[in-house]
Amino acid sequence: MPFATIDGQPLHYLDQGQGPVVLLGSSYLWDHTMWAPQIEVLSRHYRVIALDLWGHGQSGRLPEGMTSLDDLARQALTLMDHLDIDCFHLVGLSVGGMWGARLALAAPERVQSLVLMDTYVGVEPEPTRLYYFSLFDKIEAIGSIPEPLLDIVVPIFFRPGIDPQSALYQQFRATLAALPTERLRDSIVPLGRIIFGRDDILPRLHALDAKGTVVMCGDQDKPRPPSEALEMAELIGCARVLIPEAGHISNLENPQFVNEALLEFLRR
Numbered sequence: 000m001p002f003a004t005i006d007g008q009p010l011h012y013l014d015q016g017q018g019p020v021v022l023l024g025s026s027y028l029w030d031h032t033m034w035a036p037q038i039e040v041l042s043r044h045y046r047v048i049a050l051d052l053w054g055h056g057q058s059g060r061l062p063e064g065m066t067s068l069d070d071l072a073r074q075a076l077t078l079m080d081h082l083d084i085d086c087f088h089l090v091g092l093s094v095g096g097m098w099g100a101r102l103a104l105a106a107p108e109r110v111q112s113l114v115l116m117d118t119y120v121g122v123e124p125e126p127t128r129l130y131y132f133s134l135f136d137k138i139e140a141i142g143s144i145p146e147p148l149l150d151i152v153v154p155i156f157f158r159p160g161i162d163p164q165s166a167l168y169q170q171f172r173a174t175l176a177a178l179p180t181e182r183l184r185d186s187i188v189p190l191g192r193i194i195f196g197r198d199d200i201l202p203r204l205h206a207l208d209a210k211g212t213v214v215m216c217g218d219q220d221k222p223r224p225p226s227e228a229l230e231m232a233e234l235i236g237c238a239r240v241l242i243p244e245a246g247h248i249s250n251l252e253n254p255q256f257v258n259e260a261l262l263e264f265l266r267r
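Numbering (our numbering), first residue to last: 0 to 267.
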């Protein structure tokens, strides 16, 4: 698996398949393997690039001086430069959509199409922001995500009806429980504060290419509800797709629907 040194740190990414390029941006607290069902299908027709966020998967720690999601957008574009990729399709879920929209606004000539999944580019609602920051404070102080916090954090990512004994649920829980103290304090927590302390780019969405953009959202997404997806789609003037029987990590809860929707959109 290849690495690129960006802002002094090793950024880990997957590069699979041949053809037009699709860049996948992952959710916070997940690495590129969250896209496994999509990579399997898309890489038959496309060259798929999927990167690990800083402090996630095999990427290095959060680079010094990072302050905003614009940094993540710039770093992803630097990766594309490193790979000599001029134009690409961009599919971003959660924070992947937050920096993905910024990248598309900063370099519209390079982003051929944009899929914003289970994401929101406005500011985090104040009660939620304060709540998440309180969780970050606890995790930072303890140096781990203990059982009581896992009981709070893990369900956020899934639809309410998911079986908590399912492999998907249990594997994610185990991954969070195993995060080392250094990684949590150096990367995960500070990146979380950047994500949930983000500025508002809703007023800029009208500048995106409406025909080349789609907003997708799990119909049972709790942290990024369908109402937010509708708000963004209306500001962009683009289509909105609700993913049935899915929460925040909609691509894993209903992979077949997402795969078909992505293939249909990309083929256009």
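Hints are computed from structural coordinates only; laboratory data are not their basis.
Warning: the hint list may mix true and false statements.
What the hints assert, rightly or not - Label pairs and their computed distance ranges (CB to CB):
| id | residue 1 | residue 2 | range |
| --- | --- | --- | --- |
| 1 | Thr4 | Tyr168 | 31 to 37 angstroms |
| 2 | Thr174 | Asp14 | 21 to 27 angstroms |
| 3 | Cys86 | Arg192 | 31 to 37 angstroms |
| 4 | Gln15 | Arg266 | 16 to 22 angstroms |
| 5 | Ala140 | Glu244 | 35 to 41 angstroms |
| 6 | Asp136 | Met0 | 20 to 26 angstroms |
| 7 | Leu149 | Ala206 | 19 to 25 angstroms |
| 8 | His81 | Glu259 | 28 to 34 angstroms |
Glycine included, every Cβ here is placed at the ideal spot set by N, Cα and C.
Could you tell me which of the hints above the structure violates, numbers in ascending order? The structure breaks hints 6, 7; every other hint is satisfied.
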